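Participant: Protein chains in written order, with my numbering: chain A, 20 to 290; chain B, 1087 to 1177.
Do not take every clue at face value.
What the simulated footprint calls covered on chain B by chain A, stretch by stretch (three residues with Cβ under 8 Å from a Cβ of chain A suffice, anywhere in the stretch; the number is not a length) [said to hold, decoys possible]:
(1) 1108-1119
(2) 1164-1176
Partial selection, computed: residues in chain B whose CB lies under 8 Å from chain A [what the hints assert, rightly or not]:
(3) P1094
(4) A1095
(5) V1105
(6) Y1133
Honestly, the hints are just simulated from the structure, not real lab data. Since this is a predicted model, take the numbers as computed values, not measurements. All C-beta atoms, glycine included, are put in the ideal place defined by N, C-alpha and C.
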Amino acid sequence: MSLRDDQIERYSRQIILPNIGGKGQEKLLAAKVLIVGAGGLGSPAALYLASAGVGTLGIVDSDSVELNNLQRQILHTTMAVGMPKVESAKQRLEALNTDIKVLPYKIRLTSENISGIIKDYDIVVDGSDNFPTRYLVNDACVLLKKPLSHGGIFRFDGQAMTILPGKSACYRCLFQDPPPPGLAPSCREAGILGAVAGVIGVIQANEVLKFILGTGELLAGRLLVFNALDPSFRIVRVPRNKDCPICGENPTITELIDYEAFCNLRQKKDK
Amino acid sequence: MSIKVRIPAPLQKLTGNKVEVECSGSTIRELIDNLEKDYPGLKERFYDEKGKLRRFINVYVNEEDIRFLKKDETAVKDGDEVSIIPAIAGG
Ligand SMILES: [Zn+2]
């Protein structure tokens, strides 16, 4: 593959970076990244990955755009309210970069369908908004040995970690089980500042770009913790846990689990 | 004796919205007992009914997870920073 003139022009500001160059740009164009959730985290992540020329972006989301999403889900516009998020995302990203292909999946991930989707991708970005999906994505990525960029946000807090299955800690090494329904923060508390989603989503995009380019250090075995009020970034060490139920020495989880959804803003709407 | 404790968003309701509080203790267990005195309700967020540390909320002394040290018997000293980090799901 060699770069066309318009590609050299479009990506010139990153091609001139010594860690990227023409070779790096070709890697980006050949890469396939799956983004789970076209929401607060998935939006900024997708925009930066698309603009950097990641050639294939898969986007999974079962929802449609609502007016109350636009405060943080910057992929979508007022005009897109009512439209499936994956369609809105595809239009926006392909308008941003005509060089890339966006594959929409308007489905809810389950233990039945997830493996068939992630198997074709190089790396997965978790921008989902609920524990059942997060644990499902982690477990599927560990079992299929797919690298995973984890990001989570709550009010003014954000977290990010990169998971290289078999090499660095997985999400269950960090938090073995999801909280039981009674102890998860209630839906009403789940407010979020759009800029916090932006900070973490962009960190996830940055992790994916470094992974594809094979440059720099990843947040593997390290959890980045952001607080928007201080403001502060902290990093704590996350060793692999030999007792991890999915990637430890004696795994007890050998097939995927569909946890019951408990705190999900979506439920309110479905009633 | 003063140890800084970072309080995450889901627990800030119990600390009057404070992101950071000061507390004392020579082990994490003592520190949590002392935190409970100042901010009632905090302790049950760390321990389950059986008195075991919960699996979706971690405690770090500086950069290290106490699960890989001596759990709640991990020693703390003046100037240490303790971070409480729970699983958060928003996106
Ligand atoms: Zn693990």
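Participant: Taking the hints in turn, state whether each one holds.
Facilitator: Cross-check of the supplied hints:
Residues of the region 1108-1119 of chain B lying with their CB closer than 8 Å to a CB of chain A number 0, which falls below the three-residue condition for coverage. Remark: the region 1164-1176 of chain B is confirmed as covered by chain A, as 7 of its residues place a Cβ nearer than 8 Å to a Cβ of that chain, reaching the required three. Hint status for P1094/B: holds, given a least beta-carbon distance of 6 Å to chain A, under 8 Å. Look at A1095/B: its Cβ gets to within about 4 Å of chain A, closer than 8 Å, so that hint holds up.
Taking 8 Å as the C-beta contact cut-off toward chain A, the hint placing V1105/B at the interface holds, the least distance being around 6 Å. Because the closest C-beta pair between Y1133/B and chain A is about 12 Å apart, greater than 8 Å, the hint is violated.
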